[in-house]
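Colleague: Residue numbers (my numbering), protein chains in the order written: chain A, 875 to 1158; chain B, 2 to 238.
Derived from the structure by calculation, the hints contain no laboratory data. Even glycine gets a Cβ: it sits at the ideal position worked out from N, Cα and C.
Using 25 Å as the maximum straight-line C-alpha spacing, the simulated BS3-like pairs for lysine-lysine come out as follows: (1) B:K129 to A:K1033; (2) A:K1033 to B:K76; (3) B:K108 to B:K129; (4) B:K115 to A:K1033; (5) A:K1033 to B:K108; (6) B:K76 to A:K907; (7) A:K1150 to A:K907; (8) B:K221 to B:K183; (9) B:K113 to A:K1033; (10) A:K1033 to B:K135; (11) B:K135 to A:K907; (12) B:K16 to A:K907; (13) B:K32 to B:K76.
Anything over 12 Å on all C-beta distances counts as not near chain B; from chain A, calculated: (14) I940; (15) R960; (16) G1133.
Here are the chains, one letter per residue:
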Amino acid sequence: MEALLAAIITGLLLGMVYGLAAVGLNLIFGVLKIINLSHGAFIALGMFGAYYLFQYFGLIPFVSVIPVFVVILIIGILLYFIAIRRVMGRQELSTLLITYSISLIIVGLGTFFFTTNPRSIDIPWESIRIFSVYIPATRIVALFLAIICTFLLYLFLYKTWIGKAVRAVSMNRVAAEYMGVNSHVILATSFGIGIGIAAIAGVVIASIFPFTILSGGVYELKSFVICVLGGLGNPFGAIAGGLILGLVESVLSLKIPVGIVPFIEFILLVLMLLVKPEGIFGRR
Amino acid sequence: MSEILVVENIDSGYKDVQILWDVSLKAEEGKVTVIVGSNGSGKTTLLRTIMGSVRAKSGRIMFDGNDITKWPTYKRAEAGLIYIPEGRQLFPDMTVLENLEMGAYTKRARVKMKENLEYVFTLFPRLKERINQKAGTLSGGEQQMLAVGRGIMGCPRLMLFDEPTLGLSPKLSIEIFGIIDKLKKEKISMILVEQNVYFSLQIADYGYVLSEGRIVKEGKGEELLASEDVKKAYLGV
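Produce the entire structure from the sequences given, and follow the hints as far as they go.
Modeller: This is the structure in structure tokens:
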């Protein structure tokens, strides 16, 4: 019973963080209509950003999210104008190839500079007791950080001019141009924010689990499952999808060897695609 | 009278298909200019070329004294060229209010958002009742009102209407024409593209007849209404 309770709490905590990673992927899909295969690479960059800021400046990950986000946001805007802009509106293969090559470049350089030795960030915080279960404090902070980021994204999308323009472009890019919206700037900003959120998720994950430059791929795959669960194109459906995946993962691993859990996650993905391809909160 | 928009010898179309051939026209400040023509004559392509969402292959477009032929669409909107597209093109998952706010996106329009919003609500009280409803759930007539309202929010120097009564009941069409007539009395410059030749030429100060991508006739509204060709081709008399 105690083990189950612990699994549920852990599942919800991790699920929120997984959900955050998927929110970024979903935002990019919703606005740019491209599938970002470099998502995992930026999650990994976030992890290393957190690692080095901790090593050299003593910044704990929950502070380093801010500089990491800003840097990745700028990289995202530049990448849009250098590369992605050229394939907007082309067939899907071009957009997949270009984001995949971005991923290859980052992972390749990362392997060269950082090697693939596992790293971890050890924050000497105690565990906190919730009911009868002890949860590491870092995970609790991670949860709050993920909630705050999601809330800030909501405020941005619904309460600011640029955010509203982002939504308008996602619904009807040409009409948004007729309103005076410079859609390339909006698409660039959306890409920057999308991978910036991925990097934040990376920072948060790095404070919980050990990682290498290759770790991003795992979370990218989880993000795809989550997006399908929550509905592609709806950023906030991803949070629900993340919570479901987190719960499934952590409750199942009580009874089933951990190695088989991803297999079950992908069965879930296939079932979802068969039964309700638009996702739980998606619209046709 | 000063000309606010001058289109000179425009060729335009999509990829390999040329739609417009050597089209020239003028719109005067404070006047209603009507372009009539049957389905497929190139009316929508003409407006899209003026907005820049379709690029002119050759020719020149002057707006307010500037050569805007190479400007991107959003910059034309910033200059006050406001397009009310065919099929409304609303933002379906945004509320009525958010759609109107998007209409006032440009810096020029943002400062006047409050008073324009009030004006739109006096023109269309029904929009005020549905202020928090998603645009996609409105009826066809209400969507058209929202599209017009969204255009007014942009502080237009010149409004381009693309078939505003398409798919509307006769009663609603008359309502929309009533609004356009009201805007005309406010001295708002307009270009109106319509299939409803009779109504639109009655409102028109000046009109053009577009046929197979070419301007085949032009003249004052009442002259065109009285002309035998127009009567034969469009009014069925």
